[in-house]
Amino acid sequence: MTIVIEAASGKRNKLRQRLSELNVPLVLLLTMIAGAGVLALYSVSDGNWNPYAMPHGLRFSLAMLVMVGIGITPLKFWLSVAYPAYFGTFFLLLLVPVIGDTNMGAQRWLSLGGFQLQPSELMKIALVLALARYYHGLEFKQVSTITGLIIPLAMIGAPVGLVFLQPDLGTAILLGLSGAVVLLLAGISWRLVTLGVIAGVGGAIGGVQSGLIKAYQWERITAFLNPDADPLGANYHPNQAKTAIGSGGIDGKGYMQGTQTQLDFLPEMHTDFIFAILGEEFGLYGALVLLGLYLGVFFTTLQIAMSAKSHFGRLLSLGIAVTFVSYVLINTGMVMGLAPVVGVPLPLVSYGGTVMLSMMAGFGLVMSTWIDRNQDTLRTTGFGG
Amino acid sequence: MRVEPFDTSRHMEFTRRATVVTGGVMGLFGGIAYRLYDLQVRRHGDFKALADENQFNTRLITPLRGDIYDRYGEVVANNVPDFRVLVVPERTDDLKATLMKLAADTTLDLPPEKIASILEKARRQRSFLPILVADKLDWDTYASVNFHSTTLRGIVSEIGASRAYAEDAGAAFVVGYVGSATSDDISRARETAANEEDAGKAELLYRQPGFKVGKAGLERTFDKDLQGASGSVKVQVNAHGRVIKTYAENAVQPVQGAPIGLTIDKELQATTLKVLADDYGEYPDEALGPHPVSASAVVMDIITGDVIVMASTPAFDPNVFSRGIESKLWKELNDSPLKPLLNKPVAGTYPPGSTFKLLTAIAAQEKGISADQRYFCNGSFRFGGRTATCWKQEGHGWVDMKGSIKHSCDVYYWNLATQLDIDDIAKVAERFGLGQTYDLGIGAEADGIVPSRAWKRAYYRNDPPNQTWFPGETLSVAIGQGAVTASPLQLAVMSARIATHKKVMPRLVRAMGSELITQPVFEDLPGKAQHMNAVRDGMNAVVNEWGTAARSSLQPDFLMAGKTGTSQVVGLRRDPKTGRRLKNEEIPWQYRDHALFVAFAPYDNPRYACSVVVEHGGSGSKAAGPRARDIMRAVLEKDPSNYDKHRFWSGERGETQGPLEVASLGGQP
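Chains as they are written, first to last, in this note's numbering: chain P, 1 to 385; chain R, 1 to 669.
Chain P with its partners taken away, still in its complex shape (with noise of 0.2 Å):
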């Protein structure tokens, strides 16, 4: 009896040791990008908490609890789980085609239940975690052979296919950009680095060339590079963002003054071109500010990184925090016609649930490295184990 309470109790002040060991700059960080998302869906909605800044406080809440929930959870626990993760994630992604919903010539969601979910958002985190779990167990002088580069290949080549032909371009490009990242930090060699970028660019000229990449993807692609052109179709929405941007000048309107988006110009401003609300009403000062938040996170995640004794958790940690900086530079970069329109949001910015969420649970992966920074040796099993 007392063996078993004193196990409980035992558990208990772990949990509650665990809960004090949080990275509280890093939580500070994401809730205050996310309360700038708050911000900028009650100017959205003329001032009303609803129908986006309230869910959108109550999701991150919730998210937040993932969070915690997933960062006091022993690192070692999620290098077990890393192939079942990847696993379940890629069944639910060949899932979507069979029996999932239509939205915009594209077919990106399951409804599960009350909610819909994007598992291609589940799958970027759930990749990086199946790959650094799979680097962990490889030694370092095979990263570069054949032998260690069909595996890791595979399995990002696997989920940025099946996600390229729902067709989401955006996030199949994200996709295979936070695996390749992981590829680099694992060390594969310059040489591999380079022949990459070349059968990266080649493969996107091949998908253009063989009509892989559909009509209206490949228009706004093109679209960016000449915003004069076609002013009310592929480009309406980049050039309104950039008006939105450019006219909010040094200061900014102000809140909730921003005429392009109060007036409509910039439709559905509400999901991928949120930052241009707030560069337009906050100005140079508030998009600085922001774009500021987002290295912070990056900074922070650095440093956890860095301090890891695992080679998981660095990989894990460094991979989720590239991750998520190219939503946002390819974001804010496509808002101010600097990317082509590939449909990525601006992280816990954008309102939508999938990305919130699975942005979050890669946050707490990278607490639970934080966490569990100085156990060097992980258990492991599976491949190359």
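A couple of the hints might just be wrong.
Ranges between beta-carbon positions, derived for each pair [stated by the list, open to error]: (1) P:Pro97 / R:Ser117: 42 to 50 Å; (2) P:Thr271 / R:Gly30: 21 to 29 Å; (3) P:Pro97 / R:Ser183: 48 to 56 Å; (4) R:Met26 / P:Val197: 17 to 25 Å; (5) P:Gln257 / R:Val252: 48 to 56 Å; (6) P:Leu62 / R:Ser117: 51 to 59 Å; (7) R:Val320 / P:Pro227: 51 to 59 Å; (8) P:Thr271 / R:Glu90: 22 to 30 Å; (9) P:Leu19 / R:Val20: 53 to 61 Å; (10) P:Leu195 / R:Glu90: 26 to 34 Å.
Straight line, CA to CA, 20 Å or less: simulated SDA-like cross-link-like pairs of lysine to any residue [what the hints assert, rightly or not]: (11) R:Lys121 / R:Leu204; (12) R:Lys245 / P:Ile250; (13) R:Lys215 / R:Asn319; (14) R:Lys48 / P:Asp264; (15) R:Lys48 / P:Ile250; (16) R:Lys245 / P:Lys76; (17) P:Lys76 / R:Ile325; (18) R:Lys245 / P:Gly47; (19) R:Lys48 / P:Pro227.
No lab work stands behind these hints: they were computed from the structure.
For each residue, glycine too, the CB sits at the ideal point set by N, CA and C.
Keeping the supplied structure of chain P fixed, place chain R upon it in accordance with the hints.
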């Protein structure tokens, strides 16, 4: 094989790679930050302008069209509130679906053809320009559209102004009507604009739904004056074009077009129209309907030249034309033998018949033939081996000039014609107003024909053998037959010039804007004034001394001088068996004689001149004279100098005295 978990070499490589990745991330963030600087600082001005262009819009405010008044300031044409529905194609998700939904959800009558025509129009113009869906709606329909417009993106209901014409004013032929601008109208407006900016503004204005341009009559001639100047107001709009805020303090108010004051007397015009359309017994049995009257009348003030009445019947309602006429009604109007679309007072030309004898009489006096010179009429006249018969087959006996006018003796004028050259007659006819137009501003004026040697040469320029003038033709022209034709307006001018011996010029507009147009002073006509005396005496005798229009006398109230005219449309119709001359009522309507009457009054102090033409009315003394009498009575009674005789002033307005019963006294037709 178990991997050494803590592998120093891969840790060190990770650190290096992490540094590279961090460098890349920072570089990219730097790029984004630079882009922000580029957009928000360097190019801020450009984007500010773009954002303003988005949200601020200059809305054109359509000016009200100038009102048109009659000589007493009574409204003839003005603007009335108009409930209408527009669609802005750009704002609809699907124009066709929106229109179908509009038709289904509301009580608005929107047949498929109408939808098709809107779609067609949408294809031809820029999509942000609104298109009129329906106008002149009643309140219930308007309310129904209003109620549903929130669910119909792009459908706009508004209260505009539309042109309205006074009913019963017979405004159509004088004022004309307005209609939507056609692409021709728009390109004309662009061409006349001073510069490209004005051209653009004009086009925008012309494309405003509900904006109308003059299509006929004064509305057309004075379109630019009536149009006014458009205003503008800066508004803030959202992406759907909905006005969020109006900056009224900086608005440029539109300026209503200049009002036009007509010389027309609306009341007399209405009276005249009624008189013209009334049955004066000229159609005893009729297959064409109860009142197949196709007639016109002109009344002028001979001192000022003001056209007080210019009426044509049957007339159409210009309100229908302004609204956009349906092709079925158009066809009906176009095909009617009564020619309701013809502006008969100015565009109808008729052989003047015996009214022309007045001019032949003047020409004869100028040729040295005395008014006292008498000729014997035995009912027929032999000329060039042929015999022509006077309208009175038993003959008039000895007639002088006065008598010839009074009785309208044909033989007398044939006698004159043998001594006159056609060019002598033509010269007089032109001097007295025939063969020319007066540019009243309503267009459609016909020249008519004053035959002369030069005219015939020009007319047969491709047929030289026919160019020679034959004396026999002069005989026809002398009694107003043959090639000679004149419009009612010209006949009224002729009458006015005979009454005054001045070069009276008719006019229709007496005030433009707030300015009265200077009253013209008419110069004396060449020729001797005393030559008029015999003619005027004759005209007085026609009406007041038991002449051909005795039944048209206005005695004892007024002395009206006039002249009847009955002009043949085709040659004499005779019964094929007996050779008997057929009466008018025995031949089809369209072959019957035109009935004409010209008059001036009062005889002793002329003020008004008048002409009446009743197409196929049969006889001038029966169909035209009595109408002129009733019109002139109304005109004279309204003249301020006739207060004592004026029932208008004694409160008995509206009652017209019946035709004077003189037929039993043996008056001539």
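Checklist entry - Hints broken by the structure, by number, lowest first? => result 5, 9, 10, 12, 16, 17
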